[in-house]
Structure formats: C-alpha cells, structure tokens
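Engineer: Sequences are here, hints too, so could you generate the full structure?
Next come the chains, spelled out residue by residue.
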Amino acid sequence: MITKSKKVIDKIRFGLLSPDAIRKMSATRIITPDTYDEDGFPIEMGLMDPRLGVIEPGLRCKTCGQKVKECPGHFGHIELAMPVIHVGFAKTIYNILKATCRGCGKLLLTDEEVKKLREDYKRVVKMKNNTAAFAKEVVKRASKVTKCPHCGREVLPVELDKPTTYREGGRKLTPAEVREWLEKVSEALGDDLRLLDINPEVARPEWMVLTVLPVPPVTTRPSITLETGERSEDDLTHKLVDIIRINQRLQENRDAGAPQLIVEDLWDLLQYHVTTYFDNQTSGIPPARHRSGRALKTLAQRLKGKEGRFRSNLSGKRVNFSARTVISPDPNISINEVGVPIEIARELTVPIRVTQYNIEEMKELVKRGPEPKLPPGVAYLPGVNYVIRPDGRRIRVTPENAENVAERLEVGSIVERQLQDGDIVLFNRQPSLHRMSMMAHHAKILPYKTFRLNLAVCPPYNADFDGDEMNLHVLQSEEARAEAEILMKVQEHILSPRFGGAIIGAIHDHITGCFLLTYGNKVFSREDAMDILAAAGYRGEVKDKMTGKEIFSKILPPDLNLEYKAKLCTGSEEECKKQDAYVVIKNGQLLQGVIDEASIGAFKGKIIEYIARKKGMKEAREFIDRVTKLGIAAITKIGFTTGIDDEDIPEEAQMQIEEVLENARKKIQDLIRAYKEGELEQIPGRSLEETLEMEIMRVTGKARDQTGEIASRHLGLDNSAVIMARSGARGSMLNLSQMAGAVGQQAVRGERIHRGYHGRTLPHFKKGDLGAEAKGFVSSSYKKGLSPTEYFFHSMGGREGLVDTAVRTSRSGYMQRRLINALENIKLEEDGTVRQTTGEIIQFMYGEDGIDPTKSVRGKAIDADLIIKEVKKE
Amino acid sequence: MKIDILKHTLVPHHEILSAEEVEKLLKTYKIKKEDLPQILVTDPVVKAIGAKEGDVIKIIRRSPTAGESVAYRLVVRKEII
Chain A
1 MITKSKKVID KIRFGLLSPD AIRKMSATRI ITPDTYDEDG FPIEMGLMDP
51 RLGVIEPGLR CKTCGQKVKE CPGHFGHIEL AMPVIHVGFA KTIYNILKAT
101 CRGCGKLLLT DEEVKKLRED YKRVVKMKNN TAAFAKEVVK RASKVTKCPH
151 CGREVLPVEL DKPTTYREGG RKLTPAEVRE WLEKVSEALG DDLRLLDINP
201 EVARPEWMVL TVLPVPPVTT RPSITLETGE RSEDDLTHKL VDIIRINQRL
251 QENRDAGAPQ LIVEDLWDLL QYHVTTYFDN QTSGIPPARH RSGRALKTLA
301 QRLKGKEGRF RSNLSGKRVN FSARTVISPD PNISINEVGV PIEIARELTV
351 PIRVTQYNIE EMKELVKRGP EPKLPPGVAY LPGVNYVIRP DGRRIRVTPE
401 NAENVAERLE VGSIVERQLQ DGDIVLFNRQ PSLHRMSMMA HHAKILPYKT
451 FRLNLAVCPP YNADFDGDEM NLHVLQSEEA RAEAEILMKV QEHILSPRFG
501 GAIIGAIHDH ITGCFLLTYG NKVFSREDAM DILAAAGYRG EVKDKMTGKE
551 IFSKILPPDL NLEYKAKLCT GSEEECKKQD AYVVIKNGQL LQGVIDEASI
601 GAFKGKIIEY IARKKGMKEA REFIDRVTKL GIAAITKIGF TTGIDDEDIP
651 EEAQMQIEEV LENARKKIQD LIRAYKEGEL EQIPGRSLEE TLEMEIMRVT
701 GKARDQTGEI ASRHLGLDNS AVIMARSGAR GSMLNLSQMA GAVGQQAVRG
751 ERIHRGYHGR TLPHFKKGDL GAEAKGFVSS SYKKGLSPTE YFFHSMGGRE
801 GLVDTAVRTS RSGYMQRRLI NALENIKLEE DGTVRQTTGE IIQFMYGEDG
851 IDPTKSVRGK AIDADLIIKE VKKE
Chain B
875 MKIDILKHTL VPHHEILSAE EVEKLLKTYK IKKEDLPQIL VTDPVVKAIG
925 AKEGDVIKII RRSPTAGESV AYRLVVRKEI I
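Going down the list, the protein sequences come from chains A and B.
Just so we're aligned, residue 1 is where the first sequence starts under the numbering used here, counting upward by one.
Just so we're aligned, residue 875 is where the second sequence starts under the numbering used here, counting upward by one.
Honestly, the hints are just simulated from the structure, not real lab data.
Keep in mind that this is a model prediction, so the values were computed, not measured.
A hint or two may mislead.
Unchecked claim - Sample of chain A residues facing chain B (criterion: CB under 7 Å; computed from the structure):
| # | residue |
| --- | --- |
| 1 | Tyr791 |
| 2 | Ile841 |
| 3 | Gly847 |
Claimed, not checked - The calculated lysine-lysine pairs, modelled on DSSO-like cross-linking and capped at a C-alpha distance of 30 Å, are:
| # | chain 1 | residue 1 | chain 2 | residue 2 |
| --- | --- | --- | --- | --- |
| 4 | B | Lys876 | B | Lys952 |
| 5 | B | Lys921 | A | Lys116 |
| 6 | A | Lys128 | B | Lys921 |
| 7 | B | Lys898 | A | Lys128 |
| 8 | B | Lys907 | A | Lys136 |
| 9 | A | Lys702 | A | Lys784 |
Glycine residues also receive a C-beta, built at the ideal position from the N, C-alpha and C atoms.
Structural biologist: What follows is the structure, encoded as structure tokens:
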C-alpha cells in the first residue's frame, strides 16, 4: 500500500522579496520585449524564454528538465533602469517617511520616548492586540515633530500625491531619493522597525522601492492560439512588454545623456506601467487598456473580489462526484430520500476498497461493467466505472475488458461503484443561507431526468418546482459518510436552530387534506377509511364506520397527549371549543379539534415538534412521512378544487360593499372640505396637510377592512379558498378580501400616491384633486377587474414592492457575508464558553444561558406549562 | 454635585476580584489573563470602583435569557498612553 508522508503547515510568514532574492530565484534576465521570432520559436531572454517553464506538451523544461504537468514554471527578472515605487506599499512608505528624519533616518522621537514605546510594543504583542494600530499611533506622534531630536535637522512636511508621488516641503522626491531615505531608515532603526509594524527579519523598507522586477513564469500567463493560428498573449504579458519597452528607452536615453526633462518623463511612464502591472484599478491614474479598449486584467484584478482567485478558486472550488439538475416532487419517497436519475447514478461513483472478505462480491460487481445487463423486472443495477489498482493505476472498465479486470482484481484495489439505493449523498440548494440548505439524503435511483424530493423538505431548502435546480454530492470516505449520517441527515434537521421549532412539516395539500379529514364529524365508510389509511402505510384494524378524527388518530403515536389551539381558532379557548378549533389528543386519540397548520405544518406543527422532542428524530420522520401521505390520500378521496367562483359573493353583499365604499368616499370629501375651510382639527406635531393625509389613509384602510369583512361573512368553510386560508394551507383572508371585496389604497413609501404630473397624479384628474380615486384608492376587486387608472396606481405600488425585495436581498446578503467572516473563527467549547480559535473568551456561557436553540422550545429552555400538565395527569 | 453612576439602572454590578479569586477564575477556564475580555482603565465604571490596570472585574448583569449572567473583564490601558 502507498502511504504518502504527511506534511503539516506549522506557520506562514509574509515578507518582502529583496532584489537579491529576486535575482537569485530568476531563471533568466529578460531584456527584449519581443516574444516569438518569425518561425514561431520563443526568443531567448524574451518574455517567453523557454527557461521560464514549458507550455507545449511533449517538450521538457530548460531549467528543471521536467514535462508540462510536472514543471511548476520558473521566474525571470527585469533589471529596472531606475527604481520605481511599488504601489502596494505606497501608504507604508508614506508612513515611514512621515515618522523618520531624512538626515539621520531615525524615528522623530526622543530616545526616552522610543524606550517607552519598546515597552509598550512588548505589551501590545503580549496582549495579542493590534500591532498595526500601535504603529499608526507611533506615526501619528512622530509626524507632529518639526525638528529632529537626534541630528537637529528641520523636518519638512511629507505629502503623498496619490498614487505614487512623494513631496517633501512641496518638492518632488524621485523614487531614487525615497529609496536612499529608506535605506537610511533601515540602517538607523534596526529592530525598532517593529514599532512601525515591520519585521526586520523578513522585510527591509527600501525593498518597497523596486530596482528589480520579478517576471512570473509563462505558466501563469499562458498564450492562447486562436483558430486562425494567430497567437493571443495574456494581459500580464502585454503589460510586461510595455514595462520592458519603456525600461529600454529610459536606459538608452539616460546613457546617451538626454535632457533631464525627457528622462524624468520616461521615468514617470515606467512608474505608470509598473503601477498598473500590479493594480490596474489604482485610483488617480487611468487604467491601462487593451487595443480593443478593454481594461487589462493585471495582478490585483486576478486576486480581488468575487471572481478573484481567493473567493472563486480557493474558498470555493468546482468539485468532482457532484451533479445538478431540475427538481420535481415525489410524495412517495421519504423525507430522508432523494430520487436520483439513472443517467446521473451511472456517472457518480462510491469508492470501495477490496478486502479478502468482499473480493468475490467485488469481482461479480466489476464483471457487470459500466452498463450492466438488467434481469427482467429490475430497473437498475449499479455497475463499475473505474478500478484503481494498488499501485495507483486507474483502469477504465468497459464492457469489453470487464471480465478481464474482474479476474485480475486483487486485495487493496479500489472499485469505483456506481451509485445505488441507500448510498448517502449531500443535497443542496443555493443560496445556502442556513445549515438546512445542505442536508444528507439516502439516494434512490429512479427513471427520468430530475432529482425527486419529498414535498415536506421544500421549506428548509426554500425550494419549489418552477424550474429550481439543485446540487448533489457523493461522499467519498467512510468518515464523511458516518458524519453525514449522524449530523446531516434530513431527520436530524426537523427542529430548526432558527426558532427552536419544526422547519420540516406538511405544506399546502397535506394541510388541506388533514383539515378536510378531521373537520366536523365526517364519517367514512370502511372502504374509504381503508383506502386512506393504506395510503398512509397503516396496517391494522379498521372499523365499519370511522370519523375523520378516528382515521387521523390511527397514525398518531399511541401515547400522545397534547392540548392546544388550532390555527382555525381566532378567539378565546371557549370560543375555539365551540368551533372545533381546540385540539385535544389523549392517549393518541384525536378527541376534539381540527388538524391544520398549527398541528402539522412546517414552521408551526405542534405535533411534529412534540414527537421530535419526546420520541426522537426517527419517530418524527416516520410521522411526517405518514401524515403527508394521509393528507394526500384524504384530499384525493374527498375531492378539492378552487376556482374564480370561490370569490363569488351574493348580490346583497356586493351592494353592502358598494355602500361602504360610497361612505368612505363621502367621508373623504367631508375631510377635504373641512381641510379647505380650515375646520380640520390638527393632530399635534403634524401639519394640516399631514393630518388630512393621515385621516384619509385611516378611512381608506377601514373601508378595505370593512369590505373584506363583508366578503368573508359570505364566504364560509364550504368555500375551498376559505378552507385553504383558514387552515393555513395557502393564502390569507386578506388575499381573499382583495379578490372578492376591494383591493384598497395603494401606497408608495407609506403615503398615498401623489407624484406624477404637475399638481395631479394622472391627466385623468383635475389639478389639486385630493379625492380617493385621484390618489390611488382601488375600489374594484381583483375579480371585478381594475380600471385603467386603478391599474396604473396598483403597478406603482407593486413596483415599490419589487424594488424593496431586490434591495433587501442584496443588502442582507452582504451583511450575512460580513457576519460570517467575523464569526467564522468562533467556537463553542466543551466548558460552555465561546472562544476565539486563539483561546480568547468571547462569552463565559453561550448565549448567557448556555442553551442550544435547536433543543429549546421556541427559544425557551423548557416548556413549563406542558411539564406541569404532564406531571398533574400522571 | 456628582452623580453616582454605579446606582444607575443601566449600569450592571461591577466588583474587583481578589488575587485568589483571579487565580481560581483562570484555573477554572484554563486561561491566561490575556484571554479574558478587556475593559479600559478610562471606563467610567472602572474609575468609579477604583480598579487598576491588571485587575480583573466581575460583572453581574440582568439577562433576558438567563436571568442573571456573570462576565469577567481584565482592566487594560489604551495601547499608548
């Protein structure tokens, strides 16, 4: 067996490259800006010098002698004719210049002060405090000094003219002068550089002014050959060409003794090119552009931001053993399962190590090849795609070589078996906002091309089936599988840490179904009861005639005792009992009350929460599987539909609504008259106009409520839409009253709509009209249809809603990112403290009370009422 | 007239730990003094109770979740005085 020696990173130290180090690591000096000659061969000492690494397959590297995949590439270097500032350190250099004397290079502080600072620095390090903040303070103090306490030289103010020009007392400093100054500083300060947050062991200040520029290997800037045979170079190569050209010209001009002015212009140009080579988005200078006008993507651009190296290639990567496709529902699989299409299952594999115990079995498996012949009646059998031999060789299994490979299989090989039923996989839907966005499921191989999932797991993933796609990952190690099984399986996430309640539960039709089944005292024939119960997986006795409540009781755990108000309940306990809205479950029998959202719904389901807490996750999962199937069976048996006629209301109700609206209009006219005549009573702290607006808003709000009330008075629990709204399956009574009654006042920024034309919202109205219609009151219902002006106002209100959601999601997304970055190193320790990974204590007791919200009862440590009830009854 | 801030409703109870108590505290959490949360000597309450740099302060707060919660803080100077 092959065991690789393990190397552990102990620490990483960042420092500066010295000019000598750059020359030392360089494979060649680069002098010509040209890349290839006429025959297409790379020019020696050019930017594509063969010593910088190999890019063409088959060739060997001139420096290390290795082939394409093995050679990491080698750096070259450019000798700069004149030194230039490194933009990345412009600020650091500025701080050093401000804090030191140009004459003697020492800190502009007295020896005593420095001595004290050394002590302070030691303390800052010991307390694990911010040394950068300390350095800032040192610079702040030193830069106030006007005369050097060491050599007595007058200190002129240093300015930084962004991005890279320094001025001393208004006179421009050349990079060469800056470098000289910094040399003096490193000489004079030595170990005291630490006071400026510089580690002298790895960085000397003068190295921040470049005299030699490292040229990255060709492998970091590969050229692309277009179909036309034309070569297209990388942006970095282009930039390096610019640098070499200007460098050459500068050298020639300087050596020829050209006028100072020309040399300085070229020097500035070289500085510009080197600056944009590092960062092409430096503020204060125009970005370097490609011939086409596109800004070049230079070093900083490769690393920065969402699409940069860190966020898109290091923190997040593309992975193998994963799949993505559209999702669709399957009420027949468990919440713990996920349906995987056969085509995907044949691509995804699980590695299995061959041992003396399973070798025969594995041989049989490999013999099947990648496309096993299926015996009649079998829909799927896993095959094998690859076999990895003990020497590490990977052999592709084909139908032709399968027999052969199987025969030669030996202990220690790894067989990559295709996915089969029961394999544990991770399933994920973006955006992954909470831990329930990625859960472990058992695979179930199914025909067709979509991932199938149980409807009850839609809420944690926030998934629907209007085209949503999800990702699936196959775990590759035994540890990963064990961990996923114990920690990540769907059933372990029924209770959410978000609010200490169930996040997985029945939705939509499951709730409607159970509501219809248990509402009132419906009696079902033996046949119907058997149909419903069989669908829910119940096996046992069924009476001749059963009420819906009795049927539901069959799937409850036999020792369940609960009492609570149903979602249907609107008033007090007494009132609820009359409406059959107070649920009483005794010894697993539903004696009273209707089952709705409050009992079994996702986010709300009391029964689910209770079972999960009392009996464990397995029981809860089984209950959810049962209750969803029961709900669907019930709604199928009873029958359910909804349509536009659910919003039909009788003529008389229509008249009443009309009357309410007319009254509201009149009231508003009265208010406006009172306002115009100055009789309106002003609300304290409001202007007269504001008072009027508020009063009108109040009237229109009331009018909508009244119309809704009239409408709902005529829509009872025989109405499908009402059943859905009242049981919590879908929609609300407000939705219904807007459909049947009136839509109501439209608002933008919480005010009636008032903007548009001069003095009016639309040209349909008179200038200065303050009436209901002119300011966005929609008196029509959705069913009746909106008038053109109403429709326009409604669109205005609707647009605001859309804009708000768009703004909210982007802002909360960024906030979450910042929070996660700030908290990622914080850990809950075994002693209940919350600590930084470095050991500093953040909280002495997690959340002050040490309670895991997942295991809490809706945020509280215990449900005292329930415990008292339980104890009393026993 | 000066107001006694220690009596203000929003100021929790602060007290200075004795050397033995500090020793015990560090031992129970298996930490060094530096791992404690910090509070500046210039903090009004620290001045009011007369704590010095290097002292450890025990703070007892009313907590909406736990009823009462205890925290400790190490008195420190600003980075440079």
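Engineer: Give a verdict on every hint.
Structural biologist: Now for the hints, and whether the structure bears them out:
Restraint check, Tyr791/A versus chain B: the minimum CB separation of about 48 Å is more than 7 Å; hint violated. The restraint placing Ile841/A at the interface with chain B holds, with a minimum CB-CB distance near 6 Å, inside the 7 Å limit. The interface hint given for Gly847/A holds, since its Cβ lies 6 Å from the closest Cβ of chain B, which is under the 7 Å cut-off. Taking the CA atoms of Lys876/B and Lys952/B, the gap is near 26 Å; set against the 30 Å cutoff, the hint holds.
Under the criterion of a C-alpha separation no larger than 30 Å, the hint pairing Lys921/B with Lys116/A is consistent with the structure, at around 24 Å. Distance hint between Lys128/A and Lys921/B is fulfilled; the C-alpha atoms sit about 24 Å from each other, no more than 30 Å. Annotation: proposed proximity of Lys898/B to Lys128/A holds, straight-line Cα distance about 23 Å (limit 30 Å). About 26 Å separates the Cα atoms of Lys907/B and Lys136/A, which keeps this hinted pair within 30 Å; it holds.
Between Lys702/A and Lys784/A, the direct Cα distance comes to roughly 20 Å. Compliance with the 30 Å bound is thereby established for this hinted pair.
Hint check: a violation occurs at hint 1 only; the rest are consistent with the structure.
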